[in-house]
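K.L.:
All chains should be built: construct the whole structure from the sequences, respecting the hints.
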Amino acid sequence: MGTDNHINQYRRTLLKGGAAVGAGLAIAPGVRLFELAQAKPADQPVTDAVRWGMLIDTSKCDDCSACVEACNKENGIHSTGKPETDPQWIRKLNVKDPETGNAFSLPMMCQHCETPPCADVCPTGASFRRADGIVLVDRHICIGCRYCMMACPYKARSFEHEEVEGQKPYMPRGKGTVEACTMCVHRVDAGQSPACVEACNADGHQAMVFGDLNDANSEIAQKLKKEGGTQVRADLRLNPGIRYQGL
Amino acid sequence: MKAITAFGSAILVVLALLQPLFAADDPLLPKIPPAAGDKCVRPTDEMRVNHMKYILHQRDLTMHKGIRTEQFSLKKCINCHVTPKADGSYPSVKTKEHFCAACHQYAAVRIDCFECHVDKPESAFATNETDQVNPDGH
Amino acid sequence: MKIRFAEIDGKSPKYWGLLIGLGLVTLVGVLAAFYMEYHGHVVTGMTNRIVWGAPHVFAVFLIVAASGALNVASIASVFGKTPYKPLSRLSGLLAIMLLAGGLMVLVLDLGRADRLIVAMTYYNFKSIFAWNIILYNGFFLIVGVYLWMMMEKKMNKYSKPVGVVAFTWRLILTTGTGSIFGFLVARQAYDAAILAPTFIINSFAYGLAIFLLVLFAAYAWTGRELGDVIVVRLRKLLAVFVASVFYFVVVFHLTNLYATEHHDFEKFVLLGQNGGGLYATIFWVGQMLIGVFIPFALLVSPSTGANKRVISIASALIIVGGLCQMYVTIIGGQAFPLVLFPGMEETSTFADGNVAAYTPSSYEVLLGVGGMALSIAAVTFLIKILPFLPQSLADSVVDPHYKG
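Protein chains in written order, with the numbering used here: chain A, 1 to 247; chain B, 1 to 138; chain C, 1 to 404.
Read the hints as simulated data drawn from the structure, not as lab findings. Warning: the hint list may mix true and false statements.
Stated by the list, open to error - Dumping the calculated DSBU-like pairs for lysine-lysine here, alpha-carbon to alpha-carbon at most 30 angstroms:
#1 B/K31 / B/K65
#2 A/K92 / A/K73
#3 B/K75 / A/K168
#4 A/K73 / B/K85
What the hints assert, rightly or not - So the derived list for chain C, only partly shown, Cβ under 8 angstroms to chain A, looks like this:
#5 L110
#6 E345
#7 E346
#8 A351
#9 K384
Said to hold, decoys possible - Computed footprint of chain A on chain B, listed as stretches where at least three residues anywhere in the stretch have a Cβ under 8 angstroms from a Cβ of chain A:
#10 61-72
#11 111-117
Even for Gly, the Cβ is constructed at its ideal location relative to N, Cα and C.
P.N.:
Okay, here's the thing in structure tokens:
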């Protein structure tokens, strides 16, 4: 009896201690999440502690193209009626298996690779990967050679074939340079998610998740761990930051 | 490159020295439209000579490191320096009424910025057109 | 008999007519480039699918031919074949001018050509393009020094070591040019190590073909003698180069045919299936028939001998074939759709999954032709200013063992 009491006492202490540690562990990542949800301070450079990525569940996509419309609106992209030369940063790619007839669609944009071929081939270094994983074109030093467009396996990039009008103040774009999805870097730096993700979630589809791939406790990391995700042209080993489900 | 910068700086220094004359309505000198705020982030003389250096440095910091401090942000410069005309519309950088163009057309130094950057302040856009997320803008 | 070098007279109306005519063609090309730069590439046939078009076909051809044109000088200096020595100066000059023409076209097609200084001051050394900028500029410098070594008597003793440097440099340069395509993992037509040596062997053929045409024209139109010994040697050399080109084409396609993953592209370019009709036609008729089979037959036929007319025709056909090869490689490689999902059919609003159409605009062709005209105009002009051409290349002069 006495021994039972001691054991129970021991168990209680263990459980209390365990609960305290568990609570601490539960709160701590929450504290970290809270930090990330705030914008990075403006005077601090980005670091590779964070790797921004997206997870897209294509089974929720259907015929919707809310992401495309949101991107165009956010970045001031207007159609000039010439689809062959108009820029398009994100598109719905419709894929069909000719053997089985199975079809699906997915949003395709710059995949923000870890080893981007576009950054490798750019002669001036205008196409580059930021420390936090976002691949950008520094349009100040882009000479418009279009080699990055030759190199990109995802056909993510567009060349501005004519004078651009209607730019947004936070997204400068101009004739003669190359551009692509920036993962809404101006929003990300301010602590928000890209326009496409926001539009998808606002629309009710909830197909797109944005977050820090390096943070094991972020929604995207946990979803990837639990449900898995694939990369398009994974065989190229470019390790894109954009992952998909339901392909 | 250095020669062009030196020559351009020389022109600006001359303009700075001739500053008192700007008050007069001399048709030969550029008419620089007034800015929105009361003073610039740096003294006028210093800005006249060095503004390009600050802009260039800031652009590399913002572009490659994501540093979005406001002191030398081009957007912030434009927010202050480009004010609406009497009729409420905003001057285009292709005309002399635009702050940047007023001097640059006079000095015959072509600027590349506005091929891509918007030449109007953020207040020129309807509120739902600027990024709602960050009304101050970075 | 010692070889004497002399400037050409260059006083006849025909000469000035040629020079002015070529100059006008160059000018029109430059004006076309201004038009494209002012309005943007929307006035061209290039799109977000075909990002490199006719200008690049001409530019890459000229750049590849430039390094090949230096071959004759290298054979003399590096490999010590004395009969080629008198031709070395023209070889070096042609190499520099062909490169200049090619680079003019390439640079004027840039979206932001006004930012050329940026390309010369900001370098990403992982990019083969960045290395090419250094290699191309270095080529001008090194071949310039090489010409100086050859043309100034007291520097002649250095022409061999400088020649070796020039030879090595141009091999690296052409490897770099081929690697522009060879390094790209994204496209079915590229991503092959063999593209670099293929470009080198192509340069041998294209460069020598252009050299022959320039040589024949220069001697015929100035009334200087060009003996059979030189002509026959060059003819045989060109035949060897054309055969080598064929070998590399065979190896490339055979390897692709062995890999099922490349079958769609091979059907596209060899059989014209999957929407590749145009490219298969240009490949078989242009690149192979006109560019390889017919010239080879002409060059090895026993009845050709030293017949300059037949050899000129063969050279011209090789040049046409070369442009066709560049068209198939550069344009065909882009027209074939990118494969994001192997084995699947893809469609989108951004031209996925289809074979992209491309019609070159006149501006692009004018720019390309303008570059070629610049090269020839420069050579035409400079052989009047400096002694690049031997006074005579008669057999008695060239061949040390000549017996009346």
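K.L.:
It remains to establish, for every hint, whether it holds in the given structure.
P.N.:
Now the hints, each set against the structure:
1. A C-alpha spacing of about 37 angstroms is found between B/K31 and B/K65, which places the hinted pair above 30 angstroms, so the restraint is violated.
2. A hinted pair counts as satisfied when its Cα atoms are at most 30 angstroms apart, and A/K92 with A/K73 qualifies at roughly 16 angstroms.
3. Of the pairs offered as hints, the one joining B/K75 and A/K168 holds, with about 11 angstroms between alpha carbons and a cut-off of 30 angstroms not exceeded.
4. In summary, the hint linking A/K73 to B/K85 is supported, as the alpha carbons are separated by about 28 angstroms, within the 30 angstroms threshold.
5. Of the supplied interface hints, the one on C/L110 holds, with its beta-carbon coming within about 5 angstroms of a beta-carbon of chain A, less than 8 angstroms.
6. The beta carbon of C/E345 is positioned within 8 angstroms of a beta carbon in chain A (closest approach about 5 angstroms), and the interface hint is therefore held.
7. Checking C/E346 against chain A: minimum C-beta separation of about 6 angstroms stays under 8 angstroms; hint holds.
8. For C/A351, the shortest C-beta to C-beta distance to chain A is roughly 7 angstroms, which falls under 8 angstroms, so the interface hint holds.
9. Taking 8 angstroms as the C-beta contact cut-off toward chain A, the hint placing C/K384 at the interface is violated, the least distance being around 36 angstroms.
10. A count of 9 residues in the segment 61-72 of chain B with a Cβ less than 8 angstroms from any Cβ of chain A is obtained; the coverage claim is therefore met, three being the minimum.
11. Given as covered by chain A, the segment 111-117 of chain B passes the check, having 3 residues with a CB less than 8 angstroms from a CB of that chain where 3 are the minimum.
Taken one by one, the earlier hints fail for this structure at numbers 1, 9, listed in ascending order.
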